[in-house]
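Enquirer: Given only the sequences and the hints, what does the whole structure look like? Please build it.
Top to bottom, those sequences are chains A and B. Heads up: the first sequence begins at 1 in the UniProt record's numbering, then just goes up one per residue. Heads up: the second sequence begins at 1 in the UniProt record's numbering, then just goes up one per residue.
Honestly, the hints are just simulated from the structure, not real lab data. Watch out, some of these pointers could steer you wrong.
Since the list can't tell identical chains apart, any single copy or any two copies may satisfy a pair.
[Unchecked claim] DSS-like mimics (lysine-lysine), calculated; alpha carbons at most 30 angstroms apart, straight line:
{"no.": "1", "residue 1": "K259", "residue 2": "K33"}
{"no.": "2", "residue 1": "K53", "residue 2": "K255"}
{"no.": "3", "residue 1": "K33", "residue 2": "K154"}
{"no.": "4", "residue 1": "K198", "residue 2": "K347"}
{"no.": "5", "residue 1": "K198", "residue 2": "K296"}
{"no.": "6", "residue 1": "K53", "residue 2": "K198"}
There are 2 protein chains.
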Amino acid sequence: MTEPSSVAKTGSAPDPTDFANYFCTYGFLYHQKDMLEDHKRTGAYYQAVMSNKRQFAGKVVLDVGTGSGILAIFAAKAGARKVYAVEATGIAASARKLIEHNKLSYVIEVIQGTIESIDIPEKVDIIISEWMGYFLLRESMLDSVLVARDKFLKPGGALYPSHASMYLAPIQSPNSQQRMSEFHGSMEGWADFLQDMKNFYQVDLDVLSDSYRQEQREYYLSTSQWTDTHPQQLLGPASCFKRYDLHTLTLEELKEPMKEDFIMHVTDGGPVDAFCGFFDVEFKGSSENPADVEVKLTTAPDPTGATHWGQQTFYISPPIDCAPSDHLKCAIGVSRRQDNHRLLRVKVAAKVEGNSMFAAQSQSPRMLEYNID
Amino acid sequence: MTEPSSVAKTGSAPDPTDFANYFCTYGFLYHQKDMLEDHKRTGAYYQAVMSNKRQFAGKVVLDVGTGSGILAIFAAKAGARKVYAVEATGIAASARKLIEHNKLSYVIEVIQGTIESIDIPEKVDIIISEWMGYFLLRESMLDSVLVARDKFLKPGGALYPSHASMYLAPIQSPNSQQRMSEFHGSMEGWADFLQDMKNFYQVDLDVLSDSYRQEQREYYLSTSQWTDTHPQQLLGPASCFKRYDLHTLTLEELKEPMKEDFIMHVTDGGPVDAFCGFFDVEFKGSSENPADVEVKLTTAPDPTGATHWGQQTFYISPPIDCAPSDHLKCAIGVSRRQDNHRLLRVKVAAKVEGNSMFAAQSQSPRMLEYNID
Ligand SMILES: Nc1ncnc2c1ncn2[C@@H]1O[C@H](CSCC[C@H](N)C(=O)O)[C@@H](O)[C@H]1O
Ligand SMILES: Nc1ncnc2c1ncn2[C@@H]1O[C@H](CSCC[C@H](N)C(=O)O)[C@@H](O)[C@H]1O
Numbered sequence: 001m002t003e004p005s006s007v008a009k010t011g012s013a014p015d016p017t018d019f020a021n022y023f024c025t026y027g028f029l030y031h032q033k034d035m036l037e038d039h040k041r042t043g044a045y046y047q048a049v050m051s052n053k054r055q056f057a058g059k060v061v062l063d064v065g066t067g068s069g070i071l072a073i074f075a076a077k078a079g080a081r082k083v084y085a086v087e088a089t090g091i092a093a094s095a096r097k098l099i100e101h102n103k104l105s106y107v108i109e110v111i112q113g114t115i116e117s118i119d120i121p122e123k124v125d126i127i128i129s130e131w132m133g134y135f136l137l138r139e140s141m142l143d144s145v146l147v148a149r150d151k152f153l154k155p156g157g158a159l160y161p162s163h164a165s166m167y168l169a170p171i172q173s174p175n176s177q178q179r180m181s182e183f184h185g186s187m188e189g190w191a192d193f194l195q196d197m198k199n200f201y202q203v204d205l206d207v208l209s210d211s212y213r214q215e216q217r218e219y220y221l222s223t224s225q226w227t228d229t230h231p232q233q234l235l236g237p238a239s240c241f242k243r244y245d246l247h248t249l250t251l252e253e254l255k256e257p258m259k260e261d262f263i264m265h266v267t268d269g270g271p272v273d274a275f276c277g278f279f280d281v282e283f284k285g286s287s288e289n290p291a292d293v294e295v296k297l298t299t300a301p302d303p304t305g306a307t308h309w310g311q312q313t314f315y316i317s318p319p320i321d322c323a324p325s326d327h328l329k330c331a332i333g334v335s336r337r338q339d340n341h342r343l344l345r346v347k348v349a350a351k352v353e354g355n356s357m358f359a360a361q362s363q364s365p366r367m368l369e370y371n372i373d
Numbered sequence: 001m002t003e004p005s006s007v008a009k010t011g012s013a014p015d016p017t018d019f020a021n022y023f024c025t026y027g028f029l030y031h032q033k034d035m036l037e038d039h040k041r042t043g044a045y046y047q048a049v050m051s052n053k054r055q056f057a058g059k060v061v062l063d064v065g066t067g068s069g070i071l072a073i074f075a076a077k078a079g080a081r082k083v084y085a086v087e088a089t090g091i092a093a094s095a096r097k098l099i100e101h102n103k104l105s106y107v108i109e110v111i112q113g114t115i116e117s118i119d120i121p122e123k124v125d126i127i128i129s130e131w132m133g134y135f136l137l138r139e140s141m142l143d144s145v146l147v148a149r150d151k152f153l154k155p156g157g158a159l160y161p162s163h164a165s166m167y168l169a170p171i172q173s174p175n176s177q178q179r180m181s182e183f184h185g186s187m188e189g190w191a192d193f194l195q196d197m198k199n200f201y202q203v204d205l206d207v208l209s210d211s212y213r214q215e216q217r218e219y220y221l222s223t224s225q226w227t228d229t230h231p232q233q234l235l236g237p238a239s240c241f242k243r244y245d246l247h248t249l250t251l252e253e254l255k256e257p258m259k260e261d262f263i264m265h266v267t268d269g270g271p272v273d274a275f276c277g278f279f280d281v282e283f284k285g286s287s288e289n290p291a292d293v294e295v296k297l298t299t300a301p302d303p304t305g306a307t308h309w310g311q312q313t314f315y316i317s318p319p320i321d322c323a324p325s326d327h328l329k330c331a332i333g334v335s336r337r338q339d340n341h342r343l344l345r346v347k348v349a350a351k352v353e354g355n356s357m358f359a360a361q362s363q364s365p366r367m368l369e370y371n372i373d
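Expert: Right, dumping it as structure tokens:
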């Protein structure tokens with residue numbers, strides 16, 4: 001007879017709406033491959049684990065969202081005594097195959113289900129997870145890691161990664177003008193369309209023009225874009241506007257809309273065409289169980305090319321003019337969208353300060369709003 | 001006090017999963033515009049209504065899924081006494097604006113909600129709806145039209161359109177070879193990826209190769225594609241394998257998997273690289289209230305360019321060889337997908353028959369399977 005307390009409890013699948021909106025793509029090997037072959041990403045996790053074998057040896061580890069099983073495998077190779085590898089989607093079957101084939105089933109137990117619904121028979125020393133979305137917070141998967149921490153992490157246990165930081169930098173971007181032209185092109189298309197509808201069917205749709213303009217403006221000008229930004233485009237250093245210590249951050253804090261004030265230096269002067277948003281995470285272990293070697297995974301603009309997260313570019317039209325000596329006094333708000341809690345709404349207020357005429361003319365801050373889709 | 005029986009009942013929104021999977025895009029003017037400016041489509045509805053003013057004059061009409069409100073407006077302009085325009089998504093607000101601006105609010109009542117959840121205070125003479133999806137049946141919106149018919153249509157009332165037919169034709173398609181190359185390219189990429197994963201992290205993912213190949217095969221070779229097929233590509237006439245009379249079709253029949261046998265003539269001979277699937281709908285009115293002018297909207301290959309539905313192309317690799325005198329004995333199955341009832345699974349069995357050596361060699365039928373995504 002199996003001792004029940006040593007057996008992990010199988011969980012349930014995501015609810016169908018969340019599956020349709022979010023989890024569905026993770027069920028494909030194709031998508032898991034996209035992440036795995038981002039070697040800046042996978043390599044950073046590999047280093048974080050393999051350079052800290054002492055921390056993993058003989059330990060119990062939980063991998064939240066194991067996907068292909070890769071991080072669980074790293075942990076097992078680093079000497080973990082037991083790894084619980086939890087995955088919501090059907091890709092769990094592939095993880096199981098991979099782990100068996102690599103002869104690690106005696107260490108790693110794959111559990112299919114959401115972390116919120118599963119149970120494991122013991123507390124763990126380390127939680128490892130790759131939960132980061134665009135602009136760090138898109139996907140809201142960090143919620144699930146904090147749930148896991150509160151349910152399963154031993155006091156003094158460590159989170160891999162342990163810290164996460166968010167940045168915004170002023171950039172010069174040719175795309176900004178292009179987006180503006182695309183927006184104008186789309187409104188010209190609308191004008192032709194109105195004419196055709198009148199000619200062909202005697203229906204005047206002009207009353208919808210404002211709604212259409214608003215919809216297209218949201219799409220072209222108020223939706224951030226994935227970009228591989230070159231460091232040459234930076235007009236000043238990136239400002240860190242938020243840093244999370246994942247050991248102490250509460251789920252309540254995380255769910256609240258974020259609101260931060262910060263200064264952005266525009267060393268090279270404007271015009272500032274766009275803000276470039278990105279993040280990094282650090283693997284430092286916990287204060288009780290610090291890492292021997294600290295590893296950092298950054299998604300900052302990189303001349304050798306972006307990670308699969310790229311950067312999020314928030315276009316500014318018209319651009320913000322400022323002189324090399326000026327800086328921007330900024331306030332940023334990041335909140336979850338009401339239509340889909342895994343997507344984000346970002347608001348930035350920016351006011352030019354300094355001794356230039358641009359600063360003198362900047363009476364009230366520019367108010368900018370964006371969706372991250 | 002308002003007389004309750006004269007007031008339509010507001011309905012409820014689609015359930016969130018169906019919204020996430022299906023309805024969401026229809027809430028955008030951008031998408032409604034895409035449909036409106038398909039003038040083969042919109043023009044056919046316009047003709048079907050305006051050439052049959054006698055049928056609409058003084059009548060009560062129901063527009064199932066009014067979107068921008070366009071078909072309701074046509075019906076009102078044709079002289080309908082009252083039009084109920086039902087729409088599930090927020091685009092209903094635009095329809096209302098458009099109708100007010102075109103001074104037709106006294107005839108058209110916009111009701112936001114799914115047709116399944118709303119109520120109207122009287123039976124109607126005509127139901128008009130543009131419910132067709134790719135390969136006719138994708139989206140499964142015809143279900144909602146039949147629900148409306150059974151709930152709200154007077155005996156003898158007419159459906160616009162009244163009939164729908166589905167076709168499959170043998171074609172020669174350069175894309176077929178290209179899809180095959182893309183599939184091979186993707187598998188070469190996988191081989192490189194395996195090597196990198198071994199070199200960088202000492203993990204052997206080869207055990208997942210079969211699953212990956214299967215996934216990529218599904219994607220590249222077993223998923224139909226939107227195409228604008230030129231009539232020159234046809235290797236023989238299109239075969240009509242299904243015709244629906246929408247007045248008599250039951251919801252049960254529609255929901256059952258379809259299974260039809262038919263002959264496909266390959267007048268020009270093979271190799272047959274792909275099957276090209278499309279549909280048409282006819283506006284004939286009902287037998288009690290026939291149209292004066294019958295209109296047909298076809299999505300067949302057209303040298304002047306496709307409707308927004310294009311055609312669905314089902315690639316065949318390797319192609320089916322046959323001689324000009326041969327024909328294909330075919331069986332087609334079309335069923336709803338289990339993961340999403342608005343998407344389709346199509347199976348085709350095809351056997352070469354005739355006097356050629358290809359026919360002699362074709363012992364058992366080729367079995368082909370596709371998703372329509
Ligand atoms: N609440 C939850 N419970 C279980 N799995 C989850 C989850 N939220 C997200 N996931 C899974 O977490 C994975 C994130 S992607 C990372 C995969 C893998 N750890 C790697 O590093 O390559 C996805 O496979 C997703 O399906
Ligand atoms: N069950 C249902 N109840 C109400 N509206 C529905 C529905 N199923 C689909 N729809 C709506 O039907 C529309 C189909 S598109 C056609 C729009 C418009 N009649 C035109 O011809 O241009 C979409 O706007 C969709 O949101």
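Enquirer: Measure nothing new, just compare the shortest in-copy and cross-copy C-alpha distances for K53 and K255 to 30 angstroms and report within, between, both or neither.
Expert: neither (34 angstroms within a copy, 57 angstroms between copies)
Enquirer: Using 30 angstroms as the alpha carbon limit, work out where K198 and K296 are close: within a copy, between copies, both or neither.
Expert: between (59 angstroms within a copy, 23 angstroms between copies)
Enquirer: Using 30 angstroms as the alpha-carbon threshold, which applies to K33 and K154: within, between, both, or neither?
Expert: neither (32 angstroms within a copy, 56 angstroms between copies)
Enquirer: Give the relationship of K198 and K347 under a CA distance limit of 30 angstroms: within one copy only, between copies only, both, or neither.
Expert: neither (39 angstroms within a copy, 44 angstroms between copies)
Enquirer: At most 30 angstroms between alpha carbons: which applies to K259 and K33, within, between, both or neither?
Expert: Result: close neither inside a copy nor across copies, 35 angstroms intra and 38 angstroms inter.
Enquirer: I want to check one pair: K53 and K198. Are their C-alpha atoms no more than 30 angstroms apart within a copy, between two copies, both, or neither?
Expert: between (72 angstroms within a copy, 20 angstroms between copies)
The structure fails to meet hints 1, 2, 3, 4 from the earlier list, while all remaining hints are met.
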